[in-house]
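Here the protein sequences come in this chain order: A and B. Read in order, the letters of the first sequence correspond to residues 1 to 429 in this note's numbering. Read in order, the letters of the second sequence correspond to residues 1 to 181 in this note's numbering.
Worth flagging that the hints you see were computed from the coordinates, not collected in a lab. Hints are supplied without guarantee of correctness; some may be wrong.
[What the hints assert, rightly or not] Here are the simulated SDA-like cross-link-like pairs (lysine to any residue), alpha carbons at most 25 Å apart as the crow flies:
{"hint": "1", "chain 1": "A", "residue 1": "K254", "chain 2": "A", "residue 2": "Y282"}
{"hint": "2", "chain 1": "A", "residue 1": "K240", "chain 2": "B", "residue 2": "E97"}
{"hint": "3", "chain 1": "B", "residue 1": "K77", "chain 2": "A", "residue 2": "E217"}
{"hint": "4", "chain 1": "A", "residue 1": "K129", "chain 2": "A", "residue 2": "K173"}
{"hint": "5", "chain 1": "A", "residue 1": "K173", "chain 2": "A", "residue 2": "G394"}
{"hint": "6", "chain 1": "A", "residue 1": "K240", "chain 2": "B", "residue 2": "G144"}
{"hint": "7", "chain 1": "B", "residue 1": "K159", "chain 2": "B", "residue 2": "G65"}
{"hint": "8", "chain 1": "A", "residue 1": "K175", "chain 2": "B", "residue 2": "R119"}
{"hint": "9", "chain 1": "A", "residue 1": "K173", "chain 2": "B", "residue 2": "E97"}
{"hint": "10", "chain 1": "A", "residue 1": "K240", "chain 2": "B", "residue 2": "G164"}
{"hint": "11", "chain 1": "A", "residue 1": "K108", "chain 2": "A", "residue 2": "W51"}
{"hint": "12", "chain 1": "B", "residue 1": "K159", "chain 2": "A", "residue 2": "K254"}
{"hint": "13", "chain 1": "A", "residue 1": "K219", "chain 2": "B", "residue 2": "P147"}
{"hint": "14", "chain 1": "B", "residue 1": "K107", "chain 2": "A", "residue 2": "F239"}
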Amino acid sequence: MHRLIAYCWRVLLLAMMLAAPLARADLTVDIVGGGSSRYPLTILPMQNEEWLPEAVTQTVKSDLAMTGLFGLLEPPGGTALPASPQAFDPAPWQQNGSRAVLYGKVSKLEGGLLRLTFWAETVNPREQKLAAEFDVHSSQLRDVAHRIADMVYEALLGSKSLFASRIAFVVQKGKESRLQVADVDGRRAQTVLRSAEPIISPAWSPDGSRLAYVSFENKKPVIYVQDLATGQRRLLANFKGSNSAPTWSPDGRKLAIVLTLSGNSQVYIINADGTGLSRFSYSDAIDTEPVFSPDGRQIAFVSDRSGGPQIYIQPLDGSKTVRRVTFQGVYNVSPAFSPDGRQLAYVRREGGRFKVMLQDLATGDARMISNSAFDESPSFAPNGKMVLYASDEGGRSVLYAASTQHPGRVKLGVLEGQVQDAAWGPFNP
Amino acid sequence: MKVLPFVVAAAAVLLSACASTSNPADSANAGNTAIVSGNSGSTTGSAGSSSLNPAQPLPQVDAAGAEAAAYAGVNGKSVFFDFDQFAIKDEYKSVVEAHAAYLGKYKGHVLVQGNTDVRGSREYNLALGQRRAESVKQSLEVLGVKPEQVEAVSFGMEKPRASGTADSDHAQNRRADFAYQ
Numbered sequence: 001m002h003r004l005i006a007y008c009w010r011v012l013l014l015a016m017m018l019a020a021p022l023a024r025a026d027l028t029v030d031i032v033g034g035g036s037s038r039y040p041l042t043i044l045p046m047q048n049e050e051w052l053p054e055a056v057t058q059t060v061k062s063d064l065a066m067t068g069l070f071g072l073l074e075p076p077g078g079t080a081l082p083a084s085p086q087a088f089d090p091a092p093w094q095q096n097g098s099r100a101v102l103y104g105k106v107s108k109l110e111g112g113l114l115r116l117t118f119w120a121e122t123v124n125p126r127e128q129k130l131a132a133e134f135d136v137h138s139s140q141l142r143d144v145a146h147r148i149a150d151m152v153y154e155a156l157l158g159s160k161s162l163f164a165s166r167i168a169f170v171v172q173k174g175k176e177s178r179l180q181v182a183d184v185d186g187r188r189a190q191t192v193l194r195s196a197e198p199i200i201s202p203a204w205s206p207d208g209s210r211l212a213y214v215s216f217e218n219k220k221p222v223i224y225v226q227d228l229a230t231g232q233r234r235l236l237a238n239f240k241g242s243n244s245a246p247t248w249s250p251d252g253r254k255l256a257i258v259l260t261l262s263g264n265s266q267v268y269i270i271n272a273d274g275t276g277l278s279r280f281s282y283s284d285a286i287d288t289e290p291v292f293s294p295d296g297r298q299i300a301f302v303s304d305r306s307g308g309p310q311i312y313i314q315p316l317d318g319s320k321t322v323r324r325v326t327f328q329g330v331y332n333v334s335p336a337f338s339p340d341g342r343q344l345a346y347v348r349r350e351g352g353r354f355k356v357m358l359q360d361l362a363t364g365d366a367r368m369i370s371n372s373a374f375d376e377s378p379s380f381a382p383n384g385k386m387v388l389y390a391s392d393e394g395g396r397s398v399l400y401a402a403s404t405q406h407p408g409r410v411k412l413g414v415l416e417g418q419v420q421d422a423a424w425g426p427f428n429p
Numbered sequence: 001m002k003v004l005p006f007v008v009a010a011a012a013v014l015l016s017a018c019a020s021t022s023n024p025a026d027s028a029n030a031g032n033t034a035i036v037s038g039n040s041g042s043t044t045g046s047a048g049s050s051s052l053n054p055a056q057p058l059p060q061v062d063a064a065g066a067e068a069a070a071y072a073g074v075n076g077k078s079v080f081f082d083f084d085q086f087a088i089k090d091e092y093k094s095v096v097e098a099h100a101a102y103l104g105k106y107k108g109h110v111l112v113q114g115n116t117d118v119r120g121s122r123e124y125n126l127a128l129g130q131r132r133a134e135s136v137k138q139s140l141e142v143l144g145v146k147p148e149q150v151e152a153v154s155f156g157m158e159k160p161r162a163s164g165t166a167d168s169d170h171a172q173n174r175r176a177d178f179a180y181q
């Protein structure tokens, strides 16, 4: 049953991922709320981990804690650190309630490389779930930590993890807006665009290479598409009136956008190169916030055609048969499809508070997954297990990630500025 | 707090308004012909090239001064709306009429920028702000302003004039501004 998976990461791990850093706005992970059904796990420091310039197991811990799916147990001080399966004794961990233990070691290789070797084992019965090895430079440790978290998640839970993805958000600092892209835990934020005018509604292309967004730099809202690797951007839509609310089709070839050519906000479809504009929604009301379903066959959007804003779904087959999907509450906005297309996250206003709801599309049942007063812009993790949203807390904005399976949220506490318009990206290529 | 942007906007508006009045296409209009000829006389280029330079000083001080005075009469005058409403209240009809009169006399182009208070969905608020801007645009057109002179756009909740959360703050943010180009 012992499996050995060896991963050797060499130098070019990251080069294609991120442009040169312009600014940092590190966030900190802060777990809110409880859950009794979490996987009990002890993560031991790696032997010789003090050789590393950053504590890899701390990042693994905060990643796994952030998922809301693991209950992390603290080892008692003075615990011996096993550096091999032969040296691992499951007995103390059977007694402290752990279901599994992660342990490992750091070795120095020639040329400044570091070797990180680690194992994950269940303790009762004892079974090795994971063994892996990374040879890396110290600059790659954070990527390795996220990768280890993904491997532990997948080995112990048996489902796809989420740390091989990034999030985008807008930070308001004074009058400056910064569109940023960061790791899932909010760290290593890179500024994609800074502007003296507002930036809103960032939307990831399905391959994670581009962001569409709305910029007010031309005294009106217009839509740009920006390549993240090169930083190059171009206008997607600058029609008369307002241009807003871009989202991508699953194949990345089209975007749904909102234009006001008819004198009211309506949903249009446009090719990703800015050609081929066609109108999608037809009402004399507001139609906005379109999102494609994951199968690309329909679009959910917000319309106040019935009075207040509610969420509707309309197929893309040209039939124009519109189905209303929200009936509770007088204000339901900002829909997001889960990756499997079965659920819709959206924001409901209730008693002057704005909450993130999670609705089963088959049954219509909806439950609240956020608990602050002003929560906005929900988006799903690419594995569907968490929903990211922005929230207002005592006059400042913060990001939260809520589990879609268990009660509980993680606060990604911002250090400076106001964070808004969070968008969880796809799995990294 | 908003003084500087307004000053900058006013300066830009004055310059661009001057540029638009010096456009040769307007030379048929008696009120603007003097400015076009004055401009072309003060430069080595043609009237066409001077019309492309909004920073060109205008020797016709009287006409420019009258326009500046007229502009000062409408500059910064906004229309405010009730919660969740886009109808123009009676008390703001005179504001719309003043802008319509200015646009009728001095031509030019205006962006009507709708705004909402800082609550709720950014994109839905953008659409609500658009509805307010369209409401003002329609009123201007009823008063004789040509459709091509007006573009209705929205800032949604992104440009609050008041950042507080009191009702009076929200009331200041539910408005349409006029940005002359």
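Structure-based check of all given hints:
1. Distance check on the hinted pair: K254 of chain A and Y282 of chain A sit about 19 Å apart at the alpha-carbon level, within 25 Å; holds.
2. Distance hint between K240 of chain A and E97 of chain B is fulfilled; the C-alpha atoms sit about 23 Å from each other, no more than 25 Å.
3. Of the pairs offered as hints, the one joining K77 of chain B and E217 of chain A holds, with about 22 Å between alpha carbons and a cut-off of 25 Å not exceeded.
4. Annotation: proposed proximity of K129 of chain A to K173 of chain A is violated, straight-line Cα distance about 45 Å (limit 25 Å).
5. In summary, the hint linking K173 of chain A to G394 of chain A is supported, as the alpha carbons are separated by about 16 Å, within the 25 Å threshold.
6. Taking the CA atoms of K240 of chain A and G144 of chain B, the gap is near 20 Å; set against the 25 Å cutoff, the hint holds.
7. At roughly 31 Å between alpha-carbon atoms, K159 of chain B and G65 of chain B are farther apart than 25 Å, so this suggested pair is violated.
8. Distance restraint check for K175 of chain A and R119 of chain B: the Cα-Cα separation of roughly 19 Å lies within the 25 Å cut-off, and the hinted pair is therefore satisfied.
9. Restraint check for K173 of chain A and E97 of chain B: the C-alpha separation of about 38 Å exceeds 25 Å, so the hint is violated.
10. A hinted pair counts as satisfied when its Cα atoms are at most 25 Å apart, and K240 of chain A with G164 of chain B does not qualify at roughly 32 Å.
11. Pair hint K108 of chain A plus W51 of chain A holds up; C-alpha atoms about 9 Å apart against a cutoff of 25 Å.
12. Restraint check: the Cα-Cα separation between K159 of chain B and K254 of chain A comes to about 30 Å, which exceeds 25 Å; the hinted pair is violated.
13. Of the supplied pair hints, the one linking K219 of chain A and P147 of chain B holds, its CA atoms being roughly 19 Å apart against a limit of 25 Å.
14. Among the hinted pairs, K107 of chain B with F239 of chain A is consistent with the structure: their alpha-carbon atoms are about 22 Å apart, no more than 25 Å.
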